[in-house]
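Student: If you want the building blocks of each chain, they are given just below.
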Amino acid sequence: MKPARAASAAGHHQEWTPILEVSLREVFELMLSSALEIPDSEPDGPMDMTSMVGLAGQLCGVLSIRCSQQAARLMASKMLGIDLEQVGPELCDAFGEVCNMVAGNFKNKIAGLGDGCILSVPTVITGNDYSLHSPADSDALELRLTFEGMTLVTSLKVQD
Amino acid sequence: MRQAGIELSKVFEAGNGVEALAVLAENTVDLILCDINMPVMDGLEFVKQLGGVPNAKQAAVVMITTEGSESHVVQAISLGARGYIRKPFTPDQVREHIVPLLTVKA
Numbered sequence: 183m184k185p186a187r188a189a190s191a192a193g194h195h196q197e198w199t200p201i202l203e204v205s206l207r208e209v210f211e212l213m214l215s216s217a218l219e220i221p222d223s224e225p226d227g228p229m230d231m232t233s234m235v236g237l238a239g240q241l242c243g244v245l246s247i248r249c250s251q252q253a254a255r256l257m258a259s260k261m262l263g264i265d266l267e268q269v270g271p272e273l274c275d276a277f278g279e280v281c282n283m284v285a286g287n288f289k290n291k292i293a294g295l296g297d298g299c300i301l302s303v304p305t306v307i308t309g310n311d312y313s314l315h316s317p318a319d320s321d322a323l324e325l326r327l328t329f330e331g332m333t334l335v336t337s338l339k340v341q342d
Numbered sequence: 112m113r114q115a116g117i118e119l120s121k122v123f124e125a126g127n128g129v130e131a132l133a134v135l136a137e138n139t140v141d142l143i144l145c146d147i148n149m150p151v152m153d154g155l156e157f158v159k160q161l162g163g164v165p166n167a168k169q170a171a172v173v174m175i176t177t178e179g180s181e182s183h184v185v186q187a188i189s190l191g192a193r194g195y196i197r198k199p200f201t202p203d204q205v206r207e208h209i210v211p212l213l214t215v216k217a
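Top to bottom, those sequences are chains U and V. Quick note on the numbering used here: the first sequence kicks off at 183 and runs consecutively. Quick note on the numbering used here: the second sequence kicks off at 112 and runs consecutively.
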């Protein structure tokens, strides 16, 4: 398995990049029956949906997944086993749940962190004209992968 | 559940523990699938409060959650949950945990 393109990696958290990638791939393979791929080009459309889960306790930060609305809709369709056209208000719930599962899977893979880190309920933002300000002020670990040909940017920002 | 080959006759949805308790005040169910991380009332508090709900006496509670630490499992089971599935999961895992609970009832 080739590693995903890591846009940047934060200092001593750099070793978490492969763990984050495995966490992401497992969720998409098990829950959405989809293998994530390495992108061969930059995204060509708007990345207008963002799902975020906060981490608190021994590890404080924010995990986010950004993609197009089309990609988020396909995630909901695959997760719920319904046609794309049938996806309605559950779009945000499903997209938030994907982020929640990635965050949970990630923290469960960090030795000794399970009990010491709690997750927030997911928040979903639509649109891309926003800035995220967080106490987690370190550089973000960022992974770019494609889901069924559509770019997915996963970012973990940890408070040092 | 469909992907796991489990047919359900009726499904009630609730967004958190408080909504679920309101649903159970009006309806009897055989199976409750519950997350831990929920707004308003989390899954562990919900399971604790189920003891006082007559319509839930016969229901098997299975936690489906990303919170996979041993202490969460122990806490959920001690409060009365009958099963615990950690996300992400496969349809086979769902079938393995849930079919025996429904078979016992049948």
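Hints are computed from structural coordinates only; laboratory data are not their basis. Heads up, a few of these hints could be off.
Under the rule of at most 20 Å between Cα atoms (straight-line distance), these lysine to aspartate or glutamate pairs were calculated in the EDC-like manner [claimed, not checked]:
(1) K291/U / D222/U
(2) K260/U / D275/U
(3) K291/U / E203/U
(4) K260/U / E118/V
(5) K121/V / D141/V
(6) K291/U / E137/V
(7) K260/U / E181/V
(8) K260/U / E197/U
(9) K121/V / E156/V
(10) K121/V / E272/U
(11) K291/U / E208/U
(12) K168/V / E156/V
Student: Among all the numbered hints in the text so far, which are the ones the structure does not match?
Tutor: Violated hints (numbers, rising): 1, 6, 7, 8, 9; every other hint is consistent with the structure.
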